[in-house]
Amino acid sequence: MSRIRSFFRFWWDFVVGDDWRVAAGLVVAFAATWALAHHGHAAWWVLPLAAAILLVGSVTREARRTH
Amino acid sequence: MSANVLLFLAVFVASAVEAVEALTIVLAVGVTRGWRSTLFGVAAATVALAAIVAILGPALSRIPISTLRLVIGALLLSFGLQWLRKAVLRAAGYRPLHDEGSIYARERQAASSAAPAAGAGVDWYSFTVAFKGVLLEGLEVAFIVVGFGSTQGRLDLAVVAAAAAIVVVVAAGMAVRGPLERVPENTLKFGVGVMLTSFGIFWGGEGAGVHWPGSDAAIFGVVAYVALVAVLLTRELRRRHPATVPAT
Numbered sequence: 010m011s012r013i014r015s016f017f018r019f020w021w022d023f024v025v026g027d028d029w030r031v032a033a034g035l036v037v038a039f040a041a042t043w044a045l046a047h048h049g050h051a052a053w054w055v056l057p058l059a060a061a062i063l064l065v066g067s068v069t070r071e072a073r074r075t076h
Numbered sequence: 110m111s112a113n114v115l116l117f118l119a120v121f122v123a124s125a126v127e128a129v130e131a132l133t134i135v136l137a138v139g140v141t142r143g144w145r146s147t148l149f150g151v152a153a154a155t156v157a158l159a160a161i162v163a164i165l166g167p168a169l170s171r172i173p174i175s176t177l178r179l180v181i182g183a184l185l186l187s188f189g190l191q192w193l194r195k196a197v198l199r200a201a202g203y204r205p206l207h208d209e210g211s212i213y214a215r216e217r218q219a220a221s222s223a224a225p226a227a228g229a230g231v232d233w234y235s236f237t238v239a240f241k242g243v244l245l246e247g248l249e250v251a252f253i254v255v256g257f258g259s260t261q262g263r264l265d266l267a268v269v270a271a272a273a274a275i276v277v278v279v280a281a282g283m284a285v286r287g288p289l290e291r292v293p294e295n296t297l298k299f300g301v302g303v304m305l306t307s308f309g310i311f312w313g314g315e316g317a318g319v320h321w322p323g324s325d326a327a328i329f330g331v332v333a334y335v336a337l338v339a340v341l342l343t344r345e346l347r348r349r350h351p352a353t354v355p356a357t
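Chains as they are written, first to last, in my numbering: chain Y, 10 to 76; chain S, 110 to 357.
No lab work stands behind these hints: they were computed from the structure.
Here the structure is a predicted model, which means the values were calculated and not measured.
Heads up, the beta-carbon is just placed ideally off N, CA and C, and yes, glycines get one too.
The reader is advised that the hints may include incorrect statements.
Stated by the list, open to error - Partial pick of chain Y residues on the chain S-facing surface, computed with a CB cut under 7 Å: (1) D22; (2) A44; (3) H50; (4) L56; (5) A72.
Claimed, not checked - Chain S regions said to be covered by chain Y (calculated; three or more residues, Cβ under 8 Å): (6) 196-208; (7) 334-341.
Okay, chain Y solo, but in the shape it has when bound (with noise of 0.2 Å):
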């Protein structure tokens, strides 16, 4: 059992890293890309976004918790 923990373990650091919250927030920057491209309007800003507003609240979240 603690083998099978390991190997989940290894893969969600690996992929998701140690804020989850980054990676949820990537699933709806891609989930809103798809749904605005799919329907005709520009999505590319969406992503460049998301990946700077992720990004600073996650740095800052570990600064604040840091000092």
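Given the coordinates of chain Y, assemble chain S onto it according to the supplied hints.
Chain S only, in chain Y's frame:
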């Protein structure tokens, strides 16, 4: 500068950074406990990583390009933001910098205090530590090689970039006969984070149906944008709380 040059640079630098970290572990174990079993461990991990690239690369090329770009783009964006997050926190002094010298000393201490090898057979401690060190550091590189190579349709170029980086790092390690302490690891990681995030945004967006203004040339704009965000964020963090955390 073409997208292929960016691809080469991103894979080369990412591979070099991970190779520096793997080299520190391998050197510490090899110098402390002997080279035979250590090099067996390195060889076994290298074969495993080569198999991952050899199997995944051609397999991925059969997936429709838009699906491939969506999946690889999302993974690269996730990896890139992780690299960038750590690099920004380290550059702003909120996390300790990676210090190969102290890691080397720690690994040597652990290697000398582990149980000695039984007889003249394989020293399983050396084999396992070297195998795990190379495999774990190399796994992300293998995914980056496969991801960049198959999405851009240049797996050959990505493999050459990774191999060149490993050759350069190993040659440098042999020349200085020790861990590569002077390599500006965090700066390189910052650069890799920018590249992975940018290509993740670009390919992930294309896979999700985005038409980029300026077509393929938009990648340069995305790289500049991501770099600017990361640099401004680092400066703002430094300004707010000029902290220095000792290297570990």
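Hints and how they fare:
1. Nearest Cβ of chain S to the Cβ of D22 (chain Y): about 10 Å, over the 7 Å cut. The hint is violated.
2. For A44 (chain Y), the interface hint is violated, since its Cβ never comes within 7 Å of a Cβ in chain S; the closest pair sits about 9 Å apart.
3. Given hint, H50 (chain Y) at the interface with chain S, is violated; its Cβ is 10 Å from that chain's nearest Cβ, farther than 7 Å.
4. Given hint, L56 (chain Y) at the interface with chain S, holds; its Cβ is 5 Å from that chain's nearest Cβ, closer than 7 Å.
5. Checking A72 (chain Y) against chain S: minimum C-beta separation of about 5 Å stays under 7 Å; hint holds.
6. Requiring three or more residues with a Cβ within less than 8 Å of a Cβ of chain Y, the coverage given for the segment 196-208 of chain S holds, as 5 such residues are present.
7. Note: the segment 334-341 of chain S has 4 residues with beta-carbon separation from chain Y under 8 Å; the three-residue rule is met and the coverage holds.
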